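Protein sequences, first through last, are from chains R and P. First residue of the first sequence: 1, per this note's numbering; consecutive thereafter. First residue of the second sequence: 1, per this note's numbering; consecutive thereafter.
These are computed hints drawn from the structure, not numbers from a lab. Everything numeric in this text was worked out from a predicted model, so none of it was measured. Note that the Cβ used here is the ideal one computed from N, Cα and C, for glycine as well. Heads up, some of the hints might be wrong.
Under 7 Å between C-beta atoms, here's a sample of chain P residues computed to sit facing chain R [what the hints assert, rightly or not]:
1. TYR114
2. PRO116
3. GLY117
4. ARG134
5. LYS172
6. GLY174
7. VAL177
8. GLY178
9. LEU196
10. PHE198
11. ALA206
12. ASN210
13. THR212
14. VAL236
Listed below are the residues making up each chain.
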Amino acid sequence: MSAATRQPVVPYRDPERQTFLRRRATRNRSVASISTVAFVVVMGVVVTSSPGWPAVHRAFFDGEAFRSSFPEIWRAFWLNVRMFLVAEPLILVLGLSIALARGLRAPVWAPLRVLAAVWTDVFRGVPTILLILLFGFGVPALRVKGLTGEVVVWGVVALVVSYSAYVAEVFRAGIDSVHPGQRAAARSLGLTDAQTSRHVVLPQAIRNVVPPLLNDFISLQKDTALVAVLGPIEALRQAQIYAEDTFNFTSYVAAALIFIGLTIPLARYTDWLLARQRKRQAAGGSW
Amino acid sequence: MLRFTGWSIRSASLLASSASLVLLAACATESAPKSAPTSSAPGVDACAKATLNLVTPGTLTIGTDKPAYPPYFVDDTPSNGMGFESAAAYAVAAKMGFTKDQVKWIVVPFDSSYAPGAKKFDFDINQISITDKRKVTVDFSTPYFTVPQAVLTLNKSKFAGATSIADLKDAKLGAQVGTTSLAFIKNTIAPTQQPLVFNDTAGAKASLANGTLDGIVVDLPTAFYISAAEIDGSKVVGQFAVDPSADTWGLLFGKGNSLVGCANQALAQLTSSGDLAKITEQWLSTDVKVPVLK
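Just chain R, with the same shape it has in the complex (with noise of 0.2 Å):
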């Protein structure tokens, strides 16, 4: 039997296992349905009829408070969105360094590779709102000359000393997950351990770790809110005046969306890079 004559496989399918399969397949989405349709209404009647119900909707859910709440949230939102950006760089920069700092091998080193792990052993052990504090009550209060007395940049100062902390070691993580395989081959190569770090394994090293980053940004967005302990008015600052001001959690709730909005797309965008990663990695192909 030659090559050209034999017939392609074709797997054989059990007719009657086919329809089992299919009426399977139904029989689990309509349970599926019913049980998600049920639990919500469960979840909602219990909700709703309980006694306290009224009480915690108008505290909560009051459709004029969210109305005359929002517009001024959303203006002081804007802020929140501002120490994101100025942050998330210099975060991305200081937590690279200090992976680095931290990865640097001649003896000459050392004083730099003991500060990196001091910064990062000592700053993600203290509370943010108290490096916030100690930044934005204590720098002004030297009062040494040229320095800001805005506190809104001490905070982001504060931020970025608290978040580099957490991403070095995310970087360090990354750097340490490429193959020694990789820095002995491009070392065989002739590259310098300068040349190796930035060729061959920070590449590998970032990629890495994107999904990790991105989940520490997600918290940095919402960690922003944190400087209102220095005064500036940010979206929740500004939930909270409404809130005290009108006895009234439903601007709360508002800030809750506006920051939401922010971090599902985010959240989304994390999970399709690690999906894709996932294939790229799956199929063997190259990046």
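Once you've looked at the hints, dock chain P against the given chain R.
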């Protein structure tokens, strides 16, 4: 602010009720001998201690925030009876028939004082301004204090010589969140620079002391206290005309709490007897001459 919530009627034995009536009479006589005939409002019986709908029967549970700041509280200890609000709360309690031992203080953060759900306190006293918007969610007693707002600066500040509201237009001002001081800055002074807003007066004081702020707006007694006891080289530049819709403080109660009437009756007695004025004089320096800025 004083807040009465959890007005649940509980049964009390006849014995207890008669005993408490005796106590009530004793306390009333002790603290305000002249006030007895002036009481009217809800009948004496309706406010008999045993019939009151309390969170804990037999005990008046009073809430306030922590830290409890002077001059309204002393040493962050509301139960010592010192400071204007602590003293006022005990005076109200005495009028309602509670001995000092029968008053229990609990910590109620400002946010949770107006949260929905059952209240853990009978009333909350925490410098809470009575406003119409807030009355949608909670009930207030009649005012126990009317207080003007004031602006505090460092002596060396260029705003230390301000003589009008217009002079403060370009100042970087600060206030505590949730206060009518903040609303005053935004609505009346309307400064060119956005004000800074703090969780508590501690943040505002730190920012004034370190030069971040030109001035802070607080109620007048707090301003006096800060300039006299807390920040060297600071002064009360001026006070502002009282706004009756924002500058009166009331005890805060859960919505619909029937205790409000009895507290109002106690406050009316304390006012007509002059006891409330005495307490105010004792703890708050309101008589210092401070120019009114217009």
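Right, here's what the structure says about each hint:
Taking 7 Å as the C-beta cut-off, the interface hint given for TYR114/P holds, the closest approach to chain R being about 4 Å. Hint on PRO116/P holds. Least Cβ distance to chain R is approximately 4 Å, under the 7 Å limit. Against a cut-off of 7 Å between C-beta atoms, the interface hint on GLY117/P holds, since the closest Cβ of chain R lies about 6 Å away. Satisfaction of the interface hint for ARG134/P is found here, the shortest Cβ-Cβ separation to chain R being roughly 5 Å, below the 7 Å cut-off.
Nearest Cβ of chain R to the Cβ of LYS172/P: about 9 Å, over the 7 Å cut. The hint is violated. Annotation: GLY174/P was flagged as interfacial toward chain R, and the flag holds, the nearest CB pair being 6 Å apart, inside 7 Å. Residue-level restraint check for VAL177/P holds (minimum Cβ-Cβ distance to chain R is 6 Å; threshold 7 Å). Taking 7 Å as the C-beta cut-off, the interface hint given for GLY178/P holds, the closest approach to chain R being about 3 Å.
For LEU196/P, the suggested interface contact is upheld, since its CB lies about 3 Å from the closest CB of chain R, less than 7 Å. Here the hint on PHE198/P is kept, as its CB sits about 6 Å from the closest CB of chain R, short of 7 Å. A distance limit of 7 Å between C-beta atoms decides the matter here; for ALA206/P the minimum to chain R is near 5 Å, and the interface restraint holds. About 4 Å separates the beta-carbon of ASN210/P from the nearest beta-carbon of chain R, less than 7 Å, and the hint is met.
Hint on THR212/P holds. Least Cβ distance to chain R is approximately 5 Å, under the 7 Å limit. The criterion of a C-beta within 7 Å of any C-beta in chain R is not met by VAL236/P, whose closest approach is roughly 21 Å, and the hint is violated.
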